[in-house]
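Protein chains in written order, with the UniProt record's numbering: chain A, 1 to 133; chain B, 1 to 300.
Note that these hints are calculated values from the structure, not bench results. Hints are not guaranteed to be accurate.
[Stated by the list, open to error] With the C-beta cut set under 7 Å, the calculated list includes, among others, these residues of chain A facing chain B:
id, residue
1, ILE56
2, ALA75
3, SER79
[Stated by the list, open to error] Cβ-Cβ distance ranges computed for the label pairs, FRET-style:
id, chain 1, residue 1, chain 2, residue 2, range
4, B, ARG179, A, PRO18, 50 to 58 Å
5, A, PRO18, B, HIS191, 36 to 44 Å
6, B, GLY91, A, ASP36, 37 to 45 Å
7, B, GLY211, A, ASP36, 32 to 40 Å
8, B, PHE245, A, ALA43, 38 to 46 Å
9, B, ARG190, A, ASP36, 17 to 25 Å
Cβ atoms here follow ideal geometry from the backbone N, Cα and C, with glycine treated the same way.
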Amino acid sequence: MTGPGVRTGDVLPELRIPVTRTLVVAGAIATRDFQDVHHDPDAARAKGSPDVFLNILTTGGLVGRYLAGHFGPSAVLRSLRVRLGAPAHPGDELVFTGNVTAVRGTEATVEVLGTLRQGRHVTGTAVVEVGGG
Amino acid sequence: MTTEDDLYERLATYEGRPAAVAGEGGDPVNAPMIRHWCEALGHPVPADGTAPAPMLQVWTMRGLSTHPGTAGGGSRAGAYDELLALLDGAGCTAVVATDCEQEYLRPLRPGERITFDAVIESVSPRKTTRLGSGHFVTTRMDVRADGELAGRHRFRILKYAPARAPGERPRRPRPVVNRDNAGYWEGVERHELLIQRCSSCGTLRLPWLPGCNTCGSDAWDTLPACGRGTVFSRVVVHHPPFPAFAPPYAVALVELAEGVRLLGGVVGVPYDKVRIGMPVALEFRHADGEPAVPVFRAEV
């Protein structure tokens, strides 16, 4: 039914992204998020965090990158829901895994998990229109 | 002094009020911002020039400009600022985003002007999280491109009072010591694990109890455990987080060589490699000034 062989149960290959200080700061600025906890370690510590951490817009964008990398340029993202868990700090490694949980017509529902050594950073659910045309 | 209930009552009156009215993006959708975003995130640059869908919220961010009349700065409705100020005043000075739901109705193209309206959908009662205690605030936004609805965006933040001073280490839970188990914890402090033994029928028991479940006798003595055991069952704790422990970690029910079972942490092996039947050896952990606790070292 759906495009080039996307099926319920398909497993996406893992993507490992090192969380560097550069990624945290560049992501925050590229998403126009100037909250100090995303670029100023002292301010982050004063607010109870050990260091700066990824902002939600960057995390959402990285989930989008994981999906775009797998489904390719012809796929269209219809919706994306992300829920944050453990914050991602410089020095962490973010490991994305995902699987297709439903296919309806040309739309695939994909569950994405982004984990750190210390636990779940993000749980995402996306609806992707895959190769309909 | 405002009590917590009074505060929540006031916070709840903001539900349904506008968070942004006729907001305008600081810049129209544009190729440089798209390229910078893709560069920062390692995302492929869409060949057709449209903005990657997860950029939806980016076009509505007001950035560093806070002065009404400056780019993107005049859009936030008074009610939202009032709500945040009320929370600041209650000590909830820190903010963190927790959830985001976006629906993309059509792509955004360079040159399109972004406008948006948002409403405060809900304010939660006070919640305590690992970061601290505070209130979740959920807003819902409609994003338009050249006047046409292009996406919807629901966003949840936690406004909270930070849980502890920076650098302060969270303490581990302490054993509950009472008359019935004091001898057990005294043994643990000496790095000796004492199993209770019924003086009447010889049945072993752990944890300690005032009487024997087999014969009812309240006479007992103790037998030091030899320290060998095997994992009888185990769980991996992911949630809820407890401040002194970093999930995920394994907790095992260990069957000691003597036949009684004891719960404890497993060390010397990754949390996901703890297996039923795995041999373990008893150890005692004496974490910086905290009471000793028995743990099990995997023998692999």
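For this session: Tell me, in ascending order, the numbers of any earlier hints that this structure violates.
Result: 2, 6, 7, 8 and 9
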